[in-house]
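When you get a sec, could you build the whole thing from the sequences and use the hints?
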Amino acid sequence: EDQVTQSPEALRLQEGESSSLNCSYTVSGLRGLFWYRQDPGKGPEFLFTLYSAGEEKEKERLKATLTKKESFLHITAPKPEDSATYLCAVQGNNDMRFGAGTRLTVKP
Amino acid sequence: ETGVTQTPRHLVMGMTNKKSLKCEQHLGHNAMYWYKQSAKKPLELMFVYNFKEQTENNSVPSRFSPECPNSSHLFLHLHTLQPEDSALYLCASSQDGSYSGNTIYFGEGSWLTVV
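Chain order of the listed sequences is F and X.
Under the numbering used here, the first sequence has 94 at position 94, and the numbering climbs by one with no breaks.
Under the numbering used here, the second sequence has 1019 at position 19, and the numbering climbs by one with no breaks.
No lab work stands behind these hints, which were simulated from the structure alone.
Heads up, some of the hints might be wrong.
Unchecked claim - The list that follows gives simulated cross-link-like pairs (lysine-lysine, DSS-like), each with its CA atoms no further than 27 Å apart:
(1) X:K1041 <-> F:K63
(2) X:K1022 <-> X:K1041
(3) X:K1040 <-> F:K79
(4) F:K42 <-> X:K1022
(5) X:K1036 <-> X:K1022
(6) F:K68 <-> F:K107
Put into structure tokens, the structure is as follows:
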């Protein structure tokens, strides 16, 4: 059965303190791995799609990477406005599974 | 502002009420989805419509009844709900409903409270 596990569950950083969020997965036939950002009370906002191991994508302070077993979302010099819950989702041959998310708080 | 619009944003209903959630997408997509998001749980897929036809029903209780009149509009009709149905209901769309790497785009959600 396809599975997605995100860690840590919550992460508190000081402004400027770089770190990484992890998304481990098992899937039958990877079709795509997706990262979303979700602010409280709002719907998930699409960030990146990665399709194959070795692929990397960047957007401002965020960089997503992918291996055959996991994906990382690297946050470089975060700012308070980066505080949100980050969701990972994996699409396989038969379905799409979401992780429970990592709640990121960036303190000024 | 996203390309997927949901109304109402907030809804409080009694267990004997009948209400509906509405979703409209302006992205030219052919697939639409309903997801349920409860506190500290992963998103749960409820229904998928592909070219107006329901292609997935993830064992959702019959008190939730979806309707998709065309590829741009999706409704979720609610009746005789339970307090445990209180959650954020998310509508989403994608180019098509096949699992071929299409990105799913979400609306802002409808917060439902059942009292």
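Hints, one by one, checked against the model:
1. Note on X:K1041 and F:K63: the hinted pairing holds, with a Cα-Cα distance of about 25 Å set against a maximum of 27 Å.
2. At most 27 Å may separate the alpha-carbon atoms for a hinted pair to count; X:K1022 and X:K1041 meet this at roughly 23 Å.
3. Restraint check: the Cα-Cα separation between X:K1040 and F:K79 comes to about 24 Å, which is no more than 27 Å; the hinted pair holds.
4. Among the hinted pairs, F:K42 with X:K1022 is consistent with the structure: their alpha-carbon atoms are about 16 Å apart, no more than 27 Å.
5. Under the criterion of a C-alpha separation no larger than 27 Å, the hint pairing X:K1036 with X:K1022 is consistent with the structure, at around 14 Å.
6. Restraint check for F:K68 and F:K107: not satisfied, since their Cα atoms lie roughly 33 Å apart, outside the 27 Å limit.
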